[in-house]
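Asker: The primary structure of each chain is shown beneath.
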Amino acid sequence: MKREVAIVGIGYAGFRPLTPDLSYKELVFEAATRAYAEAGINPRTDVDSFISVAEDLHEGTSITDEYVPDQLGAVQKPVQTVAGDGIHGLAMAYMQICTGQFDIVVVESHAKASNILHLGHVTAMAMDPVYTRPLGVHPLALAGMEMRRYLDESGLTHEHCAQVVVKNRAHALSNPLASYPAVLEVEDVLNAPPVAEPLTQLEVSQHVDGAIVVVMAAGDVARALTDMPIWVLGIGFANDAFALDSRSWAQAEYARLAGQMAYRMAGIRNPRATIDVAEIDDTFAYKELQHMEALGLCAPGEAGYLVAEGYTSLEGELPVNPSGGSLGVGHLLDASGLARVLEIVWQLRGDAGQRQIPDVEVGLAFGWRGLPTTSGAAIILAN
Amino acid sequence: MTMEQWVYPSVYVKEDDFREGRVLYTTWQPRLFYAWDRGTAIGRFLAELKQGRIVGRRCRRCRRVVVPPRMFCEHCFRPNDEWVPLADTGTVITFSRCYITWDMRRLEHPQIPAVIAIDGASPGVGFLHHLGEVDPEAVHIGMKVKAVWKPADQREGAITDILYFKPMTE
Chain P
1 MKREVAIVGI
11 GYAGFRPLTP
21 DLSYKELVFE
31 AATRAYAEAG
41 INPRTDVDSF
51 ISVAEDLHEG
61 TSITDEYVPD
71 QLGAVQKPVQ
81 TVAGDGIHGL
91 AMAYMQICTG
101 QFDIVVVESH
111 AKASNILHLG
121 HVTAMAMDPV
131 YTRPLGVHPL
141 ALAGMEMRRY
151 LDESGLTHEH
161 CAQVVVKNRA
171 HALSNPLASY
181 PAVLEVEDVL
191 NAPPVAEPLT
201 QLEVSQHVDG
211 AIVVVMAAGD
221 VARALTDMPI
231 WVLGIGFAND
241 AFALDSRSWA
251 QAEYARLAGQ
261 MAYRMAGIRN
271 PRATIDVAEI
281 DDTFAYKELQ
291 HMEALGLCAP
301 GEAGYLVAEG
311 YTSLEGELPV
321 NPSGGSLGVG
331 HLLDASGLAR
341 VLEIVWQLRG
351 DAGQRQIPDV
361 EVGLAFGWRG
371 LPTTSGAAII
381 LAN
Chain Z
1 MTMEQWVYPS
11 VYVKEDDFRE
21 GRVLYTTWQP
31 RLFYAWDRGT
41 AIGRFLAELK
51 QGRIVGRRCR
61 RCRRVVVPPR
71 MFCEHCFRPN
81 DEWVPLADTG
91 TVITFSRCYI
101 TWDMRRLEHP
111 QIPAVIAIDG
121 ASPGVGFLHH
131 LGEVDPEAVH
141 IGMKVKAVWK
151 PADQREGAIT
161 DILYFKPMTE
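Protein sequences appear in the order of chains P and Z. Heads up: the first sequence begins at 1 in the working numbering, then just goes up one per residue. Heads up: the second sequence begins at 1 in the working numbering, then just goes up one per residue.
No wet-lab data here; the hints were simulated from the structure. Among the hints, a few may not be true.
What the hints assert, rightly or not - One-sided and incomplete, this derived list gives chain P residues near chain Z with beta-carbon spacing under 10 Å: (1) 27; (2) 43; (3) 71; (4) 125; (5) 130; (6) 134; (7) 249.
Stated by the list, open to error - Only part of the chain P face toward chain Z is listed, based on derived beta-carbon distances under 8 Å: (8) 23; (9) 44; (10) 46; (11) 63; (12) 122; (13) 248.
All residues carry an ideal CB built from backbone N, CA and C; glycine is no exception.
Excised from the complex, chain Z in its bound form (with noise of 0.2 Å):
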């Protein structure tokens, strides 16, 4: 059975029709630019990675230490006490080997990023991040990874401070 039987008879639209103005279309670039504050957690965390430390913030009431850092418990909904430093260092929750960029480019090379719990952070709390220096093969659920920081002078305070985090050798 063909899909002939499916489709109504019809003249296709080639590329040719559009270039040629046969088919009228408008198109609009949009120009957004926003600037967001980071305001008081995200920029004393900021602050801490142009340092080459990841910090996060404990409630006192559920003991829970969060990262990226809020000034606020969303569980216990209260403001949370107090800066903890955290290590560089964590355990991959999950991973993925993508094959696309963000913007659809086909990658011979897969990325890897991963969700790490921060060590030092509650269990299961840390942030996404790329996985490098690895064998894509190797990645494991449960791999402990350290964090690669750029060179000291070139860290802006941004999440890109860190470039990635690589598997610790045992």
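One chain only, chain P, in its complex shape (with noise of 0.2 Å):
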């Protein structure tokens, strides 16, 4: 059964690199207080099901959905927790909406970065316990040699992802909402100190704490609640090998596959002429540029030469990241996704303020998981 879904409502919170003042619970409040608001809902008696997107060991909490339903007014309500990126979170929304059961799904998702004190041991949990763990490898090398191979196939040069940094730390000088805004010149990217080469520290996104909040309601639904739904054209996911031995180290298949399923879905074939405006993972400054070719917004071994060209800056064909990526406004870990979603609802409303892109209406999210994962999720928004 296929439905129209659209996005009703948004609220953030936090989005600060230290938020002591406020429990994770008061953070999601806050979102989910800002998200039922701009939708007109009372979640107590209008909402039939939340989802929250959650990695129990960036909480510090085993089952961490059984600790979501009283900050986002869930209690006694159909609860359930999806691990992955938010726009995983959106896509099970959307597919419950879809079954013709729930007119109105909530999705929340939050990080509490600064909560964990070496970020490091916990990803490190993540890798292989026999075969990979007792090397000892810090996970960021994954990532340095990820972006070896891949410019090594594409033939960009570590200039190329230096520019994506510059980029976005500028985009992030017209968002209040973000942590990291710069004024940089690629050679500052590249004489940074070195993380796992060539990955230098400036390439290598900051989190901040923050949570996010998205209210999806069905056709009818949506059109009663707001006058500015914006609708869901496609959605998809996808993960390629997880094995470090099997896994693509130069394209990110995760990613083109996911934007593939979304594509399909709404019957665009030519991505780069429909879309008017992208918010793509920049986890690291080379995965913009890894994401926008296996997205299939340019050709193989043209992303760079996009972005040095000024043609996904704010002025540019094709903005990517106006909001300043995760480079430039922080990365929120499980909440990332969302963090690109709403750039693209508040640019597809015309909320953007002084980044506002004039004539937008395709935008297109993407989401990562994070090392080590090769999960990602595609999202195609419309107003």
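Join the two chains, each given in its own frame, into one complex according to the hints.
Answerer: Have a look at this one:
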């Protein structure tokens, strides 16, 4: 059963490197309050199901879904946790609405990255315990190795990756929510301390705390709630092989497959011509380039040149990460994909303030679950 | 009837097989460190415990008083309204006599965890704590109890600033 589905409310809270004044529950309550006010709904009576996107080891609590209901207005309602990127949660909500059993579904994700004292140890827990972990290689080395292989196969250069950092942190200058706005030169990025060569410190997004809540509704319900529903044209998610010995190191296969699924649903044959604005995972600078190519926004090996010539800047043909992306806004762990969606929704509504792009009709958001995963999810939205 | 007919004839793995490397395995010691922000509601709650007081929050719409406090009412889904000083006494809602510790050591004398409805909070609202200075066999649902606090100079703003609850003598 296919139904029309729209985003009818989206709320945020936090987006700061430290949030000692608020517990994660208080952050989520604030984000939820904004989202419900926008949608004009009462969660206690109007919402049919709630989905939380969370990773137990990021929370330091197992079965984190048990802790979700209070701050979402979900007490004594259907609640579940999806592990993945926030956009995986939107896919779940979309499917629930398509069953016809649910008209309004809420998706929540949050990050309290500042509360994780050693994220490296947490990420290490995701590595295979028998034949990878004992080697004692920091997970960021996987990014360094992937970047090297990607540059080698694509023919792009480190300078191209550095351009992504310069662009996204400059975009962040006009985003009041962004924690890492900066005016940088390519040389600054290249000369930053190496983390795992060729990856330098400035090419790794820094974390922020925050929460995002999205309200999704079925067609007629959405039209009744708002004059400005943001329609889901397509949604997709996919994984590559997880094993380090057999995954694709140069191309982001998960992004290509997730994009294909979303484009097929949306009936989009030429993404580059159709998409007006894109928010794409840039956990690491090279990831934005790799993801652009995998998502069919340009030819393989072309992404770096598009960034360098300003094609993906705010004033360019196809702005990518006008919010500043994870490099400019800050990385929100599992909620990062929803931060991408937040910007696309604002752009499509004309609510993006200083960084509003004129005449946007179709936007793409893509989230990656982060190291060491090969999980990605894409959503195509239209006003 | 013996078990043997249900068990495949085989050689059992013994501890020595692991010790002497005949059975291979890999171990990992997780190193996970967190420092949770307490936030507004629990931050105040813990600061008050340090002063030897228990506080809750009231929602003016549904009139519930909850403890431990939160800044919003989960039933009305709205910010709740005011701090409420509560007594350090309460009523046992339910309890157990527990002969194992959380890490599964046997106890000769049981721990007595109990959920205690705090006086001044809404009926049935309270938190988990220990009972002490009590004959384990005398504990019962509905028993009136009172907090036994750490000495003021040893309190640190933690739920353990209350050592345990003990029976109130009528």
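Asker: A separate judgement is required for each hint: does it hold in the structure or not?
Answerer: Verification of the supplied hints:
Interface restraint check: residue 27 (chain P) against chain Z, minimum CB-CB distance 8 Å, threshold 10 Å, status holds. Checking residue 43 (chain P) against chain Z by beta carbon gives a least distance of about 5 Å; that is within 10 Å, so the hint holds. A hinted interface residue such as residue 71 (chain P) counts as satisfied when its beta carbon comes closer than 10 Å to some beta carbon of chain Z; here the least separation is about 7 Å, so the hint holds. Annotation: residue 125 (chain P) was flagged as interfacial toward chain Z, and the flag holds, the nearest CB pair being 6 Å apart, inside 10 Å.
The interface hint given for residue 130 (chain P) holds, since its Cβ lies 5 Å from the closest Cβ of chain Z, which is under the 10 Å cut-off. Satisfaction of the interface hint for residue 134 (chain P) is found here, the shortest Cβ-Cβ separation to chain Z being roughly 7 Å, below the 10 Å cut-off. With 10 Å as the threshold, the beta carbon of residue 249 (chain P) stays out of range of chain Z, its nearest partner Cβ sitting at about 25 Å, so the hint is violated. Taking 8 Å as the C-beta contact cut-off toward chain Z, the hint placing residue 23 (chain P) at the interface holds, the least distance being around 3 Å.
For residue 44 (chain P), the suggested interface contact is upheld, since its CB lies about 5 Å from the closest CB of chain Z, less than 8 Å. Checking residue 46 (chain P) against chain Z: minimum C-beta separation of about 11 Å lies over 8 Å; hint violated. Interface hint status for residue 63 (chain P): violated, as the beta-carbon distance to the closest one in chain Z is roughly 16 Å, over 8 Å. Look at residue 122 (chain P): its Cβ gets to within about 6 Å of chain Z, closer than 8 Å, so that hint holds up.
Given hint, residue 248 (chain P) at the interface with chain Z, is violated; its Cβ is 27 Å from that chain's nearest Cβ, farther than 8 Å.
Checked against the numbered hints given earlier, this structure breaks hints 7, 10, 11, 13; the rest are met.
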